[in-house]
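Visitor: Residue numbers (our numbering), protein chains in the order written: chain A, 1 to 547; chain B, 1 to 630.
These are computed hints drawn from the structure, not numbers from a lab.
Any given hint might turn out to be false.
Below, a list of computed lysine-lysine pairs in the BS3-like style, where the Cα atoms sit at most 25 Å apart [unchecked claim]: (1) Lys161/B x Lys443/A; (2) Lys161/B x Lys381/A; (3) Lys443/A x Lys562/B; (4) Lys117/A x Lys367/A; (5) Lys381/A x Lys453/A; (6) Lys30/B x Lys381/A; (7) Lys453/A x Lys161/B; (8) Lys367/A x Lys161/B.
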Amino acid sequence: MNFDTFPFLSSLVFLPLVGALVLYLLPFFRPDHDEHGTLSRGFALFVSLVVFAISLLMLTHFDAADSGYQFSERADWIPYFGISYFVGLDGISVWLVLLTTFLMPLVVIASASVHKKIRGYLASMLVLETAMIGTLVALDVFLFYVFWELMLAPMYFIIGIWGGKRRIYATLKFVLYTVVGSLLMLVAIFYVVWRFYEQQGHLTFLLDELQMYTNLTRKEELWMFAAFALAFGIKVPLFPFHTWLPDAHVEAPTGGSVVLAGVLLKMGLYGYIRFAYPLFPRAADAFAPYIATLAVIGIVYGALVAWAQSDIKKLVAYSSVSHLGYCVLGFVAFNAVATSGAMYQMLNHGISTGALFLLVGVLYDRKHTRLMADYGGLAAKVPLFAFLFLVFTLSSIALPLTNGFIGEFLILTGSFKTFPVLTVIGTTGVVLGAVYMLTLYMKTMYGELDEGKNGDLTDVNGRELATFLPLLVMVFWMGIYPQPFLSRMEPTLNAYFSAVAERRAALNVYENDVAPSQDIVLEREHQQARPVRESAAQPNLNRAVEG
Amino acid sequence: MEQNGVTALGYIPLFPLIGSVLAFIIGRSKRDAAGWIATLASAMAFAVVVALVMAMPEEAEYYYRAFTWFSVGGFTLDFAFRFDHLTAVMCLVVTGIGSLIHLYSVAYMAEDEGRHRFFAYLNLFMFSMLLLVLGANLLVLFVGWEGVGLCSYLLIGFWFKNLSYAGAGRKAFVVNRIGDAGFLFGMFMLYRQFDTLDFAELAQAISVNASPELLPLYFVVALCLFVGATGKSAQIPLFVWLPDAMAGPTPVSALIHAATMVTAGVYMMARLNFLFDLAPQAQAIVAIVAVFTAMVAALTALTQNDIKKVLAYSTVSQLGFMFMAAGAGVYWVAVFHLVTHAFFKACLFLGAGSVIHGCHHEQDMRHMGGLWSKMPITAATYGISTLAIAGIYPLSGYFSKHAILAALEGGHNPALEGLLELLVPMASVTAFLTAFYMTRSFAMTFLGSYRGHAHPHESPLRMTAPLIVLAGLALVGGLWLGGTLPHYLAPVLGSPAEHGHESIIEGLMHSWIGIAGIGVGLLCYTSLSQIPATIYRVIGPLSTLSLNKFYFDELYAAVVVKPLEAIARVLFRVVDQGMIDGAVNGTAAVVDVSGEVARSTQTGQVRHYAFFMFVAALLMLFLFVFAGRV
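Produce the entire structure from the sequences given, and follow the hints as far as they go.
Guide: As structure tokens, then:
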């Protein structure tokens, strides 16, 4: 096999989809042939493992020193609108793709606790994998949007069909929130493309072209950025757009929660750094202090509210709000240390929170309750479970030599340079994180065991251990020796920072050149009843195109 | 200076780390093996340290870079160790006393079901503590700093079936984390200013940057780091976790909560002496906090009846003494007291453990008494250590405490000008109180007649042997180290002022505070036992204050914990569920109404949303494009 021409990314994107189709269409996976879903699970596991293997193979061919897109593939899709199938991988997306392919086999293994319509569940998961990887590798804005929206559908089914009692409410909320955001983003995408068309005379949705050749005034930038930022902010979720998350998590089946926390939430952050910032750098700069403020509120608020929970899963969900606040803070601080930290923290959160949801799942499968009050003293009964829970708790509260510490430390050290006061406030999350996580641990693991209630609890079994061990290894590997991960991000990030700086400069040139006259026009518009914009603005635009 | 990367440095923490894993894994099936594995690992680390110290040339220091931890955006940080004379002293204390306590624990924990966990944690603690003292930069120090906090948490809550023990562990961790946040701020500021966290580079950068405009920064950084120290080393206001930490097995109290971990803050200050020396106001604050902590803790110790609680408050108080010296800028004296305190306090705690062991888990001194005849070795070693901590010539505590008072008195910190008239007498009174409450504990435990119902017996040799060694060190350690330590530490901490030699008579005369304390204590708790009762009656409210530990816990609960809990609940119920979700649900309700309309045309929810999405998208596009450019 020639690795230079092997379509790695397309295989990663479409193999799960093909797997889902096979799973759904071929007769021997139907319930009458495969009564317990064993065959379906085996097949889904096989598919996800193959995808993971391909991603690992790709990683070995990933050139750490190359800052550009690697393994890129390009084909026209809808040439009439300038839409193309353009995918590529760089230091910003590579680890998120790996995280996705790494978590997916674990999620499939964890599907043993799903008994209803297992075929549909697994197919949804595989479609979701396609959508997630597609979102991460798409470099055409339209393609990105298609995958972005495609993520919604399988998640909708996963929560809506395999969820808990209030699943309908949770799905509606999840969909409503997300749709509002993506809607605005879609409009903003069209607007940017339209502006590009005005200025360059042809249509394109390629990110690089849009980024390099679309001139926007400061005002336009602000609005467009706001639309993108809202879409991404809801997805992260950033305070105060977070209330869909606890409901979605509580109602979602274990696997759904793992994917939701592990990968889906990262898409908002990824979109921010991949699209929102490079397209609208000046607006991003202008918004940065406000977003940082929301991020820090989210850190403290999420931690405090997590403390007030009695439902374990809800606690972990709110802890996500807090942890992702750190990531947002790292991204908007916009220096190499903080951004690397934020990117690293995305991976960490996927691992530690994914593991915590799996742990909650283990308890729920056995006892069908998620309330802390129903447990207590478990450490004596299920020592292996207690040990795993301890490790992932420590990873979650960022103890040094676990993965969480590297991310948090880099974020805080880096963002202290940009936002010292906010960072100091955000650092209180370090204390509050210990409070709610150790309280959770104490209330469930320590104390006297209630023999009547939990005397029959069994420890983690082999299948469950298979889901935890890879995560356990990653916790320590990423905490002790993070350099292989960081070094593959760095060249891309350096190039990224200079590209953004260039764009910022170019936009400023454009602003000085064209925009002042236009601003005057706009002002006049306000004074007059009807705009005379058409005639006044047109020459400017022509000039911009010529220039 | 040797920079050739001495690999042996890596072995020092590595042995306990491996020991920890092995003790846990092997101990799961063979419980008795765990203790010996852990003890061996600790002893091997001790052997490496001794070998290194012996082989180390004068004025040398070793360096070892294990690997580059991370390097990103121009911020490169090595996982590196540094071994100079200060580290050598700390390593000797940690591994030496640590090994003795491991040996003791083999017997002490022999009956415990979970002893494989115990020894795994204990070795993990050794690993963390060694990282702390060996780290060549602030971040590796911080790894150890948080690591010892974790082990402390695990060991305090070792008997986790008792929820209040587990709660004490959580309290220790959280209070330490508050301090750690301060420590982090200090690191952020140092990194922001100097782009490095390496000790040698920081010392270099700060020595060439003594310009006045940076002095406020040094002040704030020093203060932030000291906040970290108040957590780890149990000073006001963060000392409240240490007395509760006595929930852990007694060897843990000896090793972690007396001899080693709690002295980390003192070590940190000594390590960063170049920074603190440029922040005299911060040093003054350290000294003031230290004196008050020492006094409040000593006053609290006066009335405690739990033998471990007395020792716990005594530890807080003695740590205060160490910080007095550090605050006065005489770091070698702080380290000196750290070492002597490690000798006698480890001995006292292990002695208390021996008593508790012998009295079948009795910790209340009111149910002891007269144990002198029943456990003579324990009584003798406890007695020697009591004399040492009381500061009686020529025992170890005399020299270090005397040096501290001299350092405080003779300090030339301008920021302390005028305050010394208050601080020095307070420190002296505290020294008197120390002698008094320790004599009280000795008398209540070993003198008089037995008041309990158990059948006390002397502990086995494995427990008494470490006691004898430690008592020996407490006896002669001061004489031995008082002369050698200042010169040994001089390359790191600077040359101390020369002292003249004391004669025995002078020494004894200078011990008058301790002698007075012991005398009054003996008087009160042996022959004239009606005196304390009378005193308590007379100063009733004050003794209640002391008995209730000055209500620090209640104060923090009322001012910090309870309000925060209430805020958390309000945020969840009112803000999250009420306001934000209310707004969302309101919007959803509006959509639902239109959903009714849509449903009449057989439209499902999803399609309905998709439809809405595109209509709205078109609308907004229209707005953007045609109704005026934004």
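Visitor: Now tell me if each hint is right for this structure.
Guide: We went through each hint and held it up to the structure:
The suggested pairing of Lys161/B with Lys443/A holds, with an alpha-carbon distance near 11 Å, which does not exceed 25 Å. Restraint check for Lys161/B and Lys381/A: the C-alpha separation of about 11 Å stays at or below 25 Å, so the hint holds. Pair hint Lys443/A plus Lys562/B holds up; C-alpha atoms about 18 Å apart against a cutoff of 25 Å. Between Lys117/A and Lys367/A, the direct Cα distance comes to roughly 22 Å. Compliance with the 25 Å bound is thereby established for this hinted pair.
Under the criterion of a C-alpha separation no larger than 25 Å, the hint pairing Lys381/A with Lys453/A is consistent with the structure, at around 12 Å. Between Lys30/B and Lys381/A the alpha-carbon distance is near 19 Å, which keeps this suggested pair within the 25 Å criterion. The hinted pair formed by Lys453/A and Lys161/B meets the criterion: a straight-line CA distance of about 16 Å does not exceed 25 Å. Taking the CA atoms of Lys367/A and Lys161/B, the gap is about 21 Å. The hint holds against a cut of 25 Å.
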